[in-house]
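Just so you know, numbering that gives the first Met the number 0 puts 88 at position 89 of the sequence shown, and the rest follows in order with no gaps.
Simulated from the structure, these hints should not be mistaken for laboratory data.
Where hints are given, some of them may not hold.
The list that follows gives simulated cross-link-like pairs (lysine to aspartate or glutamate, EDC-like), each with its CA atoms no further than 16 angstroms apart [claimed, not checked]:
id	residue 1	residue 2
1	K82	D93
2	K48	E18
3	K85	D123
4	K69	E46
5	K51	D99
6	K82	E66
7	K48	E66
8	K82	D123
9	K103	D92
10	K103	E81
11	K48	E86
12	K115	D93
13	K103	D123
14	K74	E46
15	K38	E66
16	K85	E70
17	K69	D92
18	K48	D99
19	K78	E46
20	K74	D99
21	K115	D92
22	K103	E46
23	K69	D93
24	K69	E116
25	K38	E81
26	K78	D123
27	K78	D99
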Amino acid sequence: MIVNNNFYVNVGKVVKRQEAPVIKKPDNAGKGSFDEILKSKIDESNEIKFSKHAQMRLQMRNMNLSEAQKERISKAVQKAGEKGVKESLVLVDDMAFVVDVRSKTVITAVNSNELKENVFTNIDGAVFT
């Protein structure tokens with residue numbers, strides 16, 4: 000065989016042709032439209048998370064959050080993110096939360112008894128909801 004003016008001896012032997020493996024579809028393929036899946040993933044990413052420290056503070060201070068309050072915190076975090084805030088103080092009813100806006104994680108929680116004469120540091124925005 001001649002390639003680019005070089006002579007090569009073709010001494011390779013003929014090998015049995017291999018078939019490409021069949022790729023199986025995932026189990027969830029075909030279940031729900033792309034739009035539905037996208038919306039569910041967006042909803043999951045909009046949910047706020049609570050750090051272990053915040054969970055501990057909520058328990059210690061007997062602070063119980065309703066779903067409506069969690070939704071208000073989530074919307075406040077979204078507003079803060081739209082304004083470019085990185086660490087926000089979110090005030091909901093008589094409670095305050097310091098939130099890492101980028102990760103949507105509540106860092107700490109304070110109830111009304113401890114709000115008086117309290118100083119919040121390392122925040123660059125506040126949202127009252």
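Given pair status - D92, K69, alpha carbons within 16 angstroms: holds, 12 angstroms
Measure nothing beyond the straight line between the CA atoms of K78 and D123; if it is 16 angstroms or shorter, mark the hint as holding. holds, 13 angstroms
Given pair status - E66, K82, alpha carbons within 16 angstroms: violated, 25 angstroms
Between the alpha carbons of K74 and E46, is the straight-line distance 16 angstroms or under? At roughly 10 angstroms apart (the allowed maximum being 16 angstroms), E46 and K74 satisfy the hint.
Measure nothing beyond the straight line between the CA atoms of K85 and E70; if it is 16 angstroms or shorter, mark the hint as holding. violated, 19 angstroms
Decide if the proposed pair is consistent with the structure: K82 and D123, CA atoms, cutoff 16 angstroms inclusive. Within the cut-off at roughly 11 angstroms; holds.
Are K69 and E116 close enough, with their CA atoms no more than 16 angstroms apart? violated, 25 angstroms
Satisfaction of hint between D99 and K74, Cα-Cα up to 16 angstroms: Satisfied, since the Cα-Cα distance of roughly 14 angstroms is no more than 16 angstroms.
Pair hint outcome, K85 versus D123 [Cα-Cα no greater than 16 angstroms]: holds, 7 angstroms
Are the Cα positions of K51 and D99 separated by 16 angstroms at most? Holds. K51 to D99 sits at ~14 angstroms (cutoff 16 angstroms).
Regarding the pair K48 and D99, is the alpha-carbon distance no greater than 16 angstroms? holds, 10 angstroms
Pair hint K48 and E18, alpha-carbon separation not exceeding 16 angstroms: violated, 47 angstroms
Hints 1, 2, 6, 9, 15, 16, 24, 25 from the list above are not met by this structure, while the remaining hints are.
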